[in-house]
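Okay, here's what each chain looks like letter by letter:
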Amino acid sequence: MKIDGMLSQLSEWLLGEGQENDIVISSRIRLARNLTGFPFITRATEQDRRSIRDTVQNVASEMFEKDSFYFVDLELLDSLDRTYLCERQLISRELVETDGARAALIDRNEKFCIMVNEEDHLRIHGMTSGFDPEKVWSRINEVDDKLESRLQYAFHNKYGYLTACPTNVGTGMRVSVMLHLPALVVSKEIDKVFRSLQKVNLAVRGIYGEGSQPVGDFYQISNQATLGRTEMELIEKVNNIVPQIVAYERQARDFLFKERYEIILDRCSRAMGLLKTARTISSIETMHHLSSIRLGINMGLLEEPDIPVINDLFLNTQPAHLQKHNGNELSQTERDIARAKYLRHKLGEK
Amino acid sequence: MKCQKCDKAATFHITELTGTQPLEHHLCEEHAREYLNESSEQNDPASTLTSTLSQGMAKQMSANKAATELKELDQQTCPVCGISFYDFRSRGRLGCPNDYDCFAKQLDALIINIHGVQEHVGKTPKRTGNDSNQRTFLIKLRRDLNEAIQLEEYERASKLRDKIKEIETE
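Chains A and B, in that order, give the protein sequences. FYI, our numbering numbers position 2 of the first sequence as 1461, with every residue one higher than the one before it. FYI, our numbering numbers position 39 of the second sequence as 124, with every residue one higher than the one before it.
It is worth saying that the hints were derived from the structure and are not from the lab. Keep in mind that the hints are not guaranteed to be accurate.
Partial list, computed: chain A residues near chain B (C-beta under 8 Å) [unchecked claim]: (1) Gly1496; (2) Arg1502; (3) Gln1611; (4) Tyr1612; (5) Phe1614; (6) Lys1617; (7) Leu1621; (8) Glu1690.
Note that the Cβ used here is the ideal one computed from N, Cα and C, for glycine as well.
Sequences and hints are given; from them, build the entire structure.
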């Protein structure tokens, strides 16, 4: 399958580059759009879904350079490949799990992706490494303009872009920034952060978006309201709050370094020792220890590996990625063994 | 958005203004009913200001006062896509763009509750669709076509097909 080409590369948003990259993993923006002439997804017939998919595919091949994207028909993809795309955060769980005609147009450099027939007809989302929502916005705004020059979006003079759920109406835009906050978790300050975010109407979610549990101390912060503010105002709202959380996390790290040095060094060293020597390990346990190692590197407690190596491990030790590397499906027990082997290999132990 | 107490869609968005801080609750119908019953038992009704979906629709629900009016609002159906407002409340998803006009009365309060405002000020498409009513009409025509086929009314189906083709090629 053509998506195998992705295996050899690290997604752009995981390069560990960009501003504040020791704490801000990535910045993402998504736009929800629907086409006129079709009902929203819950009322769409299979014929409607196919027409929407084909229309988007035709427009994309006109508007985007040939070979610059993959057009992936989700119905033709087996469950392992669908999960694989979800683990790379290119498509949502909803797109993996639902039935019917649906697709994803994926930029070859994984800078943006368009999900077709998810909750809305189109979900355009872009991502980049580090803290830079403006860069993502200019990228997907351009994608949106290109699509809009050929497609007619459902738009209302009062309500703006119309969406299947009124929580997304208006700009249809969700700005989210993924943060790594291990020191705030260790020092049990994280709940305070959540409470203050709720007060300013920002949402906090786990790594895979709505309804997911925080794993590996990763949190996504995003806007709740989408109507009555311009796109730049929504970005500014997130932009104003993120540096405060970053500063708070740094403060917590300083405290750990000054007051809890041995304890935090012990945690990071043990995590490294464990991942270098384990013979079988679950995905959750791996994430937990990788988070400690990442913290250790950024606090100067551990000398290696480099952050891109850690990011590679976060990505490639996930179930579908392991199986794709392995070339065939693995049982859970086999995956845990393969995961431990991959970790030992990448961390320099045989 | 999911209900805070179960996996169903949250169709009631309640802002409680009794304490020092406003408290937001996002609940499914069942849990909203439970919540409102609880709060009306616990609090002095005069001091409780509860703003909810459809301007206190849930309040009416617990008071059983305007049950018929609520039922009427719930049964209102979009002529284009065929969903009732009740369908939207139980699934949390609208059926077509026309629902925003058809259920405007009910949705306005909900939208204010979620976003705090009602008017879009962001990006607008450069192509303003003058024919957007026609495009919405297409949704209805396609639905009628499916119905005609199911009822084996082939003559009607053929006419509908021609009409759809006409609008699509305009």
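Verification of the supplied hints:
1. Gly1496: holds (4 Å)
2. Arg1502: holds (4 Å)
3. Gln1611: holds (5 Å)
4. Tyr1612: holds (5 Å)
5. Phe1614: Constraint on A/Phe1614 satisfied, holds at 5 Å.
6. Lys1617: holds (6 Å)
7. Leu1621: Where the cut-off is 8 Å and the nearest Cβ of chain B is about 5 Å from A/Leu1621, the hint holds.
8. Glu1690: holds (5 Å)
When the structure is compared with the earlier hints, no violation turns up for any of them.
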